[in-house]
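What follows is each chain in one-letter form.
There are 6 protein chains.
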Amino acid sequence: MVDITHKNNTLRTAVAEATVKVSHPDTIAAIQNRQVPKGDVLEMAKTAGLFGVKRTSDVIPDCHPLPIEYTSVDYEIEGLQVRIIMTVKTIYKTGVEVEAMHGASVVALTMYDMLKPIDKGVEVQNIRLVKKKGGKSDFKDQFK
Amino acid sequence: MVDITHKNNTLRTAVAEATVKVSHPDTIAAIQNRQVPKGDVLEMAKTAGLFGVKRTSDVIPDCHPLPIEYTSVDYEIEGLQVRIIMTVKTIYKTGVEVEAMHGASVVALTMYDMLKPIDKGVEVQNIRLVKKKGGKSDFKDQFK
Amino acid sequence: MVDITHKNNTLRTAVAEATVKVSHPDTIAAIQNRQVPKGDVLEMAKTAGLFGVKRTSDVIPDCHPLPIEYTSVDYEIEGLQVRIIMTVKTIYKTGVEVEAMHGASVVALTMYDMLKPIDKGVEVQNIRLVKKKGGKSDFKDQFK
Amino acid sequence: MVDITHKNNTLRTAVAEATVKVSHPDTIAAIQNRQVPKGDVLEMAKTAGLFGVKRTSDVIPDCHPLPIEYTSVDYEIEGLQVRIIMTVKTIYKTGVEVEAMHGASVVALTMYDMLKPIDKGVEVQNIRLVKKKGGKSDFKDQFK
Amino acid sequence: MVDITHKNNTLRTAVAEATVKVSHPDTIAAIQNRQVPKGDVLEMAKTAGLFGVKRTSDVIPDCHPLPIEYTSVDYEIEGLQVRIIMTVKTIYKTGVEVEAMHGASVVALTMYDMLKPIDKGVEVQNIRLVKKKGGKSDFKDQFK
Amino acid sequence: MVDITHKNNTLRTAVAEATVKVSHPDTIAAIQNRQVPKGDVLEMAKTAGLFGVKRTSDVIPDCHPLPIEYTSVDYEIEGLQVRIIMTVKTIYKTGVEVEAMHGASVVALTMYDMLKPIDKGVEVQNIRLVKKKGGKSDFKDQFK
Numbered sequence: 204m205v206d207i208t209h210k211n212n213t214l215r216t217a218v219a220e221a222t223v224k225v226s227h228p229d230t231i232a233a234i235q236n237r238q239v240p241k242g243d244v245l246e247m248a249k250t251a252g253l254f255g256v257k258r259t260s261d262v263i264p265d266c267h268p269l270p271i272e273y274t275s276v277d278y279e280i281e282g283l284q285v286r287i288i289m290t291v292k293t294i295y296k297t298g299v300e301v302e303a304m305h306g307a308s309v310v311a312l313t314m315y316d317m318l319k320p321i322d323k324g325v326e327v328q329n330i331r332l333v334k335k336k337g338g339k340s341d342f343k344d345q346f347k
Numbered sequence: 204m205v206d207i208t209h210k211n212n213t214l215r216t217a218v219a220e221a222t223v224k225v226s227h228p229d230t231i232a233a234i235q236n237r238q239v240p241k242g243d244v245l246e247m248a249k250t251a252g253l254f255g256v257k258r259t260s261d262v263i264p265d266c267h268p269l270p271i272e273y274t275s276v277d278y279e280i281e282g283l284q285v286r287i288i289m290t291v292k293t294i295y296k297t298g299v300e301v302e303a304m305h306g307a308s309v310v311a312l313t314m315y316d317m318l319k320p321i322d323k324g325v326e327v328q329n330i331r332l333v334k335k336k337g338g339k340s341d342f343k344d345q346f347k
Numbered sequence: 204m205v206d207i208t209h210k211n212n213t214l215r216t217a218v219a220e221a222t223v224k225v226s227h228p229d230t231i232a233a234i235q236n237r238q239v240p241k242g243d244v245l246e247m248a249k250t251a252g253l254f255g256v257k258r259t260s261d262v263i264p265d266c267h268p269l270p271i272e273y274t275s276v277d278y279e280i281e282g283l284q285v286r287i288i289m290t291v292k293t294i295y296k297t298g299v300e301v302e303a304m305h306g307a308s309v310v311a312l313t314m315y316d317m318l319k320p321i322d323k324g325v326e327v328q329n330i331r332l333v334k335k336k337g338g339k340s341d342f343k344d345q346f347k
Numbered sequence: 204m205v206d207i208t209h210k211n212n213t214l215r216t217a218v219a220e221a222t223v224k225v226s227h228p229d230t231i232a233a234i235q236n237r238q239v240p241k242g243d244v245l246e247m248a249k250t251a252g253l254f255g256v257k258r259t260s261d262v263i264p265d266c267h268p269l270p271i272e273y274t275s276v277d278y279e280i281e282g283l284q285v286r287i288i289m290t291v292k293t294i295y296k297t298g299v300e301v302e303a304m305h306g307a308s309v310v311a312l313t314m315y316d317m318l319k320p321i322d323k324g325v326e327v328q329n330i331r332l333v334k335k336k337g338g339k340s341d342f343k344d345q346f347k
Numbered sequence: 204m205v206d207i208t209h210k211n212n213t214l215r216t217a218v219a220e221a222t223v224k225v226s227h228p229d230t231i232a233a234i235q236n237r238q239v240p241k242g243d244v245l246e247m248a249k250t251a252g253l254f255g256v257k258r259t260s261d262v263i264p265d266c267h268p269l270p271i272e273y274t275s276v277d278y279e280i281e282g283l284q285v286r287i288i289m290t291v292k293t294i295y296k297t298g299v300e301v302e303a304m305h306g307a308s309v310v311a312l313t314m315y316d317m318l319k320p321i322d323k324g325v326e327v328q329n330i331r332l333v334k335k336k337g338g339k340s341d342f343k344d345q346f347k
Numbered sequence: 204m205v206d207i208t209h210k211n212n213t214l215r216t217a218v219a220e221a222t223v224k225v226s227h228p229d230t231i232a233a234i235q236n237r238q239v240p241k242g243d244v245l246e247m248a249k250t251a252g253l254f255g256v257k258r259t260s261d262v263i264p265d266c267h268p269l270p271i272e273y274t275s276v277d278y279e280i281e282g283l284q285v286r287i288i289m290t291v292k293t294i295y296k297t298g299v300e301v302e303a304m305h306g307a308s309v310v311a312l313t314m315y316d317m318l319k320p321i322d323k324g325v326e327v328q329n330i331r332l333v334k335k336k337g338g339k340s341d342f343k344d345q346f347k
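Chains as they are written, first to last, in this note's numbering: chain E, 204 to 347; chain X, 204 to 347; chain A, 204 to 347; chain B, 204 to 347; chain F, 204 to 347; chain V, 204 to 347.
Be aware that a few hints might be false.
Which copy? The list can't say, so a pair holds if one copy fits it or any two copies do.
Pairs of lysine-lysine residues, derived as BS3-like cross-links and limited to a Cα-Cα distance of at most 25 Å, are as follows [what the hints assert, rightly or not]:
1. Lys241 with Lys319
2. Lys296 with Lys241
3. Lys224 with Lys296
4. Lys224 with Lys210
5. Lys241 with Lys224
6. Lys241 with Lys210
7. Lys323 with Lys334
Quick caveat, the hints were computed from the structure, so don't treat them as lab data.
From just these sequences and the hints, can you work out the full model?
What follows is the structure in C-alpha cells.
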C-alpha cells in the first residue's frame, strides 16, 4: 500500500461510469415503469452502489480507507443502454477514482441481477473513469 | 428476493469474464515480470476476486447467500488485453452467475487500481456471463 | 452458541414488524410522493433491510449463519405511522426470528436517517415478532 | 448522500436509547446474576453494540463513514425494563445520531436473541434519540 | 479454492487453542475480578471470537463459507497464562480447523487490546490445532 | 471504548511480527518456488493481511476505526520458520499496534490454511509487537 502519511488533504472528485446494455426495449420500459418483478431497479441499484463506494477499501487490497463525503448516482437511458454515472468526493490525501469505479460496477451488477429473469441478454460494458479532480494530475475525459 | 424454499439442490457452474485493457505493452510486461510497484498484480487480484465471489450476497441486494464450493481465476493475455475468467460452482437451489460476474469485476478493478500508477489508460471492458450449467436453463455463449 | 448439529432441516418462516412514527402528515406525503431529498425512502430502506437480514449472524453474536431463502418487506401506512413488515424464510435447523427482527430494525433506522432532515420528531417504535412457523413451537401473535 | 465537503469538524455527541421489556422478573434476575444459558447478556450485548456503532455506515445507505472516537453502553434496569443508553462521540463534519441509534438497536436485538430461549415475551421498544450536541442544532430531550 | 462439490456432509469438530501471556499476576487478578478498565475481558473477547469464527471465510482467501453450527470459548488460567480453547462444529463437506484457529486468534488479540493499557508485556503465543474430528483424517494432539 | 476526542493527530508507526513454523524443508521449498497447490502463498497471504489490517476495528471491539495510511508485509525465512513482519502507519489520535498484530495474524493464518494440505505440522507462533513509534510512549523491542 502506497505511503500517504506525508500528503496533504485536498478536495478530490471522481466521476466514473458503467454501461448496462439490455437486449430489448421492453426491458427499458419495465425499468422506467418500475415493473421489474424483483423491484425498482434504479433505486435498489443506487442503494447498493452507495454501499459499494463506502466499502471499496474492504474489496480492493491497496485502497486506503477514506472519508467518503459525497456520493451520487445518475442514470442516462439511451436506446438499449443505461449509463450509470457515479460521482464521489472526499477531502483526503488520495483520490476516489477506484471508489467511483467500484460503486459504478456494483450498480451495474445489481441491475444485471435484477433484470436477468426478464432479459437473458443483459451485459455490463465499460467501467471507466470519466473525470478526476484534485490531487497531482487532473484528468478529464472527452466526456461530451 | 425470489422464494427458493421449494427448489432442489443441483450442481451449478457459472463462468464469467471481464477484460482489462491497458494502453502500452510495457504494462503487460510489468504484469508478467511481477514488476508492478504495488505488487504481483495477477496474484493479488485473484485473491481479491476470491473474497469478491464469497461476498456477493453482501453486495447485491437480491442475491441469496449460498455455499461457494469452488472458485478459480484464470488469465489470458492477448496483446494489450488481459481476459479474466472466473469459474464458480455450488450445489444449491439457485445459480452462481452473479457471483462469477461479481468476482470477475473485483479482479478487474483490483488490476485497474494496481496498474493506475504506471498506466493512465487502463479500462475495464465487458463483464459478462460466458457459461452457465445446472438449473432450469443451461446457457452457453459462443465462447471460442 | 447453541449446538444445532443434531437438528433437522425444516421450513421456517418468521414475520417481524417495526413501526416508524413521524410527527407531521407532510412527512408521510413526502414519502409517498417520493419527494424526500435523500431519495426514495421506501425503496432504499427496503434494500438496506435485505442486506440487514442477510448480515444478521455477523451482527448478533449467537446467531447461526443460515441460508436466507426468501425475504420481503411490506409497508402499511396509517396516519403518522409506517408499519414495516419483514418476512424471512429458510429451510434450516434453526429459525429466522432474529433475522426478521434485525431486518425490520434496519429498515426502520434507514427511514429515520432519511427523514431526519425534514422531520425532527421521527421515532422507531416496537420491533417485535409477529409470527413464527416451523421448528418446535409455532407462534402466532394476535396479529389483526 | 449529503455533500459534507464544505463543513467543518466539530465535536459531536449523541445519546440514544432503546428499551428491552421482558415478561417476568425471573428474566431480570437471570440477567443480573449472569445465569442466562447463552452467556452474560449485558456484556455480550455491549460488545455487539460497539461493533454496531462502528459499522453504521455499512448498514444505513446515506450514512457517511466517520471516525468513531468514543462509544459507551450503559444499562438501567427498572421493573421489567432494561433501558440501553448508547453514547457516541466524534469530531467530524456530521453528527452521530444514527450511529447511536443503530448501536442501541444492536444491543437490544442481541438481548432479545439471548433471552428468547428463557422468555417468549421479550420486546424491543422505542429506539430514540435522547440528546445531540454539536453541529447546527443542539437537541435535548426531556431526558430526566 | 479446492473443489468440494463431490464431497459428502459429515459432522466435523475442531478444537484450537491460543495462549495469551501477561507479565504480572495483577493482570490476571484484574481479569478475574472484572476490573480491567476497558471492560470484562473474558466476556468481550469471547463475543469477538464468536464473530471471528463466523467471519473466517471473509478473512482467509481459500476458506469455504460454511454453516457454523456450534462454537464455544473456554479459558484456562495457569500462572501468567490464559489458554483460550475454541471449539467449532459443522456438518459440512470440509472441516472447521481454520475457523477454530481464526476464532482463537481473535479472542487472543481482543485480550491483548484490552490488557495493553494496564500491562505492556502481553504476548500472544501459539495458535494451534488441538483436535480435529470428522473428514478424511482424524487428528488428535497430545493434548494433556 | 477509550475517549480520544481530546487527543492530537501524530504520526504513528507500529511493527508486529508473527511466525509460522512448518515441519519439513520441502514445505519451505514449495513456498519459495510457488508450487503450493492452493497458490502463491506469500502473495495471497500478504493480500489477506492488507484486508486484515484495514478491518481491525470491525474485529476487535474496542479498536477505533482509523485511517490506515501505509501497510507493508515482509517475510524472512530462516530454516523452518517464516517470520512475517507487518508495518502499519497512520496519522491519528491513537496507535496502530493492534492493527499491525491483527494483520500479522491474518497473514499467518492464511499461510496455515494454504499449507495444511501439504504439511500437517504447521504452527503459528508468537504474534507480538516489535516496534511502536509516535504517541505517548515509544516502544522498541530488543529486535535484533
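Hints, verified against the model:
no., hint, in the structure
1, Lys241 with Lys319, "within (10 Å within a copy, 28 Å between copies)"
2, Lys296 with Lys241, "between (40 Å within a copy, 18 Å between copies)"
3, Lys224 with Lys296, "neither (36 Å within a copy, 27 Å between copies)"
4, Lys224 with Lys210, "neither (40 Å within a copy, 30 Å between copies)"
5, Lys241 with Lys224, "within (18 Å within a copy, 28 Å between copies)"
6, Lys241 with Lys210, "between (45 Å within a copy, 18 Å between copies)"
7, Lys323 with Lys334, "between (32 Å within a copy, 12 Å between copies)"
Hint violations for this structure: numbers 3 and 4, all remaining hints satisfied.
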